[in-house]
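From first to last, the protein sequence lines stand for chains B and Z.
For the first sequence, the numbering used here gives the first residue as 1, with consecutive numbering after it.
For the second sequence, the numbering used here gives the first residue as 1001, with consecutive numbering after it.
In case anyone wonders, no lab produced these hints; they're calculated from the structure.
Be aware that a few hints might be false.
[Stated by the list, open to error] Straight-line Cα separation of at most 20 Å, DMTMM-like style, residue types lysine to aspartate or glutamate; simulated pairs:
1. Z/K1379 to B/D97
2. Z/K1379 to B/E123
3. Z/K1232 to Z/E1030
4. Z/K1222 to Z/E1063
5. Z/K1228 to Z/D1082
6. B/K115 to B/E157
7. B/K4 to Z/E1383
8. Z/K1222 to Z/E1383
9. Z/K1379 to B/E294
10. Z/K1379 to B/E110
11. B/K115 to Z/E1383
12. B/K4 to B/E111
13. Z/K1222 to Z/E1058
14. B/K90 to B/E58
15. B/K90 to Z/D1376
16. B/K115 to Z/E1400
17. Z/K1378 to B/E111
18. B/K90 to Z/E1100
19. Z/K1378 to B/E320
20. Z/K1431 to B/D72
21. B/K291 to Z/E1019
22. Z/K1228 to Z/D1031
23. Z/K1029 to Z/D1066
24. B/K2 to Z/E1383
25. Z/K1029 to Z/D1082
26. Z/K1513 to Z/E1488
27. Z/K1056 to Z/D1046
28. Z/K1379 to B/D94
29. Z/K1228 to Z/E1019
30. Z/K1378 to B/E294
31. Z/K1228 to Z/D1376
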Amino acid sequence: MKQKVGILGGGSFGSAIADIMGNGGHDVRLWFRRPEAAENFNQTRENLPYLPGVILSENITGTSSLTETITDSAVIFFCVPSPSFRETAKQVGDHCDPSQILISTTKGIEEGSFKLMTEILREETCCLQIGALSGPNLAKEIAVKMPSGTVIASRFERVNRTVQELLSGPYFRVYSNQDVHGVELAGVLKNVYAIATGLTAALKMGDNTRGMLITRGLAEMSRMAACMGCNPMTFLGLAGVGDLVTTCSSPLSRNYRVGWLLGEGKSLQQAMEEIGEVAEGVNTIRIVKPKLPELNIRMHILEGLHALLFEGVTLPTVLESLMAVPQMEDVEFARLTEGEAK
Amino acid sequence: MNLLGNAPSRQRRDFYLSEVSERVLAEFKEDLKRDSFLSLEVIINDALYQEQDRLKREKSTVENEDARRFWSDIGRNFLNGDDAEREILLRRIITRYVEEIHGSFNPRLHGMVARVVPWLLKGVLNKVSPASVLTWASDKLSLEDNLVISGPLDEIRSLAGKGTLIMAPTHSSNLDSVAIGMGLYLSRLPPFTYGAGLNLYTNPVISYFLNNLGAYKVDRRKKNEIYKTTLKQYATLSMEQGEHNLFFPGGTRNRRGDIEQHLKLGLLGCGVRVYVRNLVNANPKPDLFVVPVNLSYGLVLEAKTLIEDYLKEEGKGRFIRAREKKGSLMRMLDFWRNLTRMHSKVHLHFGEPIDLFGNRVDAEGNSRDNRHRVIDRKKYVLENGRPAHVPQRDQEYTRELGRSLVQAYLRNNIILSTHALSFAAFHLIRKRNPAFDLYRLLRTEGPETGIEKATVLLSLGRLKSGLIALADLGRLQIDSTLKEGDAETLFTTAMAHFSTFHDGRTLKCERGKVYSEDMKLLYYYRNHLDHYPLERYLEP
């Protein structure tokens, strides 16, 4: 069934999924904050700043009107950066109704409240049929139709089914999950370990190091998720391992690049200036570290990066202390029964 | 839609009997259509197995003997006949269950009965206690004076005229039903029907009281699908008839003493289905409004057995149960003595009404989001543009409602002096024994474990500031002693209460030292303050 779909945020990922749905014959409204950006897009069908050279589907209409994007849309995708997420959600709350499905594709934790994006959607709108989309989804690869997969997570079967129908296609696969916060946390936390792998790569450490970092990163991520009521098994899926491996191996990842520059001896500020974009992993380290005592868990790699980035500890000291961390069990959740894992 | 109006109770009973039976049958037929592995044989056999298994474990009573005969008859017949005959058997089982569940509630009776409630309450006491022992209590007892009611009552009364109310109280004691029955009457709220546990019916006076105030019987021992479906359809029909209903969403009494974090929801889950049916049938008053209710006792009648049950289940081998020293009769007497002599209060707080999806509802009956924007709530249940019951979706809505209820219970929780003192004292004892796990800590009792009273007062003073701060933020409620009294007054008030009940073992103060002779009770009462960020206030 052809549906009207709204996409909030005309960045690279918003445009890439708009293209999938447009190609599926759906009527897509792509919301740009600036009217001239919407106008440019409608004239050229190209999102020049983010996906240069890619001509997007005819079924996408660029607009800067929230009302036009939201009214009568069966599903509304949020593809805005996390710092402006709440404000956008609040505005959407003025126009949406409870029959609509809201999907967050934004990976972040709100500073101060420690809330995930779907929690913000629940707080700022009347909608309950909410989901999160996350996975190894480099927008530039999706836009040029390279095969990719993602995860849609919602407690509502209807939400998962609808998003699968909207987004599945010849080059994009959508798997479903019910563990919404687990999928969101996976998307947030993996950036931290991308910084770590970028850093060790710049230091010319080998593949063994990278393998260990990714795996122990996975252990830290699932440890935190489990203590926040999520299912650690979620981290074995596309949104967990899938996204982590991609981000930790790809020089396309901003977080990996930040790590690389730090490994080359640059300061955080120099690294950020050189990249010129926000590296979410840096924010995540800053927000998560102070929360650890309350959660009563340790995340040694994240803590080490916090010491390096914000506490003035030198890189050799951080590396030395990481190698001295007590050696615990390899797979913490291996002995859990299925019931306990939930 | 109310098809009964003011029909006499006999007519009402017949209507429920036929309508609920038809609906349960229809539901099973739908299941059979959907699931090719399911058959009438399987459905009946499951109930037969579970019921006979239950009856094997239970002692012989007139009721159980009757049930045994019934089920052996079903057992003899269900394998021989064809599906048509099995349907007749299923109908027999359903009819038996509906008759069992059905109370003799009649809205017209309610007004009359409510007027004699105070007398009935005296009756409850006199029936369970020797009259000679209780003469003094009977004369002095007036629950009216001991019940403190608060909350947006005008709003709730107004909503009662606009839709069907679902009262959803916290549940910590068997006295909850009595206190709420009384509270509803004193608040001039309309009659409610509710599912009361079968155990409440063992006392003839409470039983009479429950029947006439609109209770139907819920037998939690019966867990088979036929019974559960019948019960759900019964509650659904009752709400569809516009009867205001009362459910305890926690299921059974909360054994830990805290605010329940995981509600079972049970019959509350029928709400969305009723709403959808009301919309489909163009009922002029299709809406249902949920009212969270907090009951707060300074002392809880069954505290000792509740917490021991909890610890036994959680701690297994680590928990050592002490022998009960006092009979239930004497415990009841102590409890009432505390209530009347100590001017102890039962606090009943009606919270702000919410809709079936967890949103706040205003006095006009509009649902509002967190930013007070009006919500078109019927759109929650649309499927392809029409109202429809979608089980998985509606189950999630009910979970959402559960979350909102837990938040409301925490916000409306009334903290009394006994809770505050227990929390402060337990904290100090735990701090003194950091290496002990909970079960060892719970055995740290007696005068030799005493803590200086001055230290307790200091902690209590700090805790009081924390409680006031949280109350100002609207995160909990505090009673007047906490608001106005200093730490010493608070301590004296709480100790006076503790001295009159549980043989005074919860907390004692001798030679300037405070100690517990029953840490489990102290733990139970301190748990009332669990789930709040209070520990940080206790440290300097």
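Against which earlier hints does the structure fall short, listed by number upward? As far as the earlier hints go, 5, 6, 8, 9, 10, 11, 12, 14, 17, 18, 19, 20, 21, 23, 30, 31 are violated by this structure, in ascending order.
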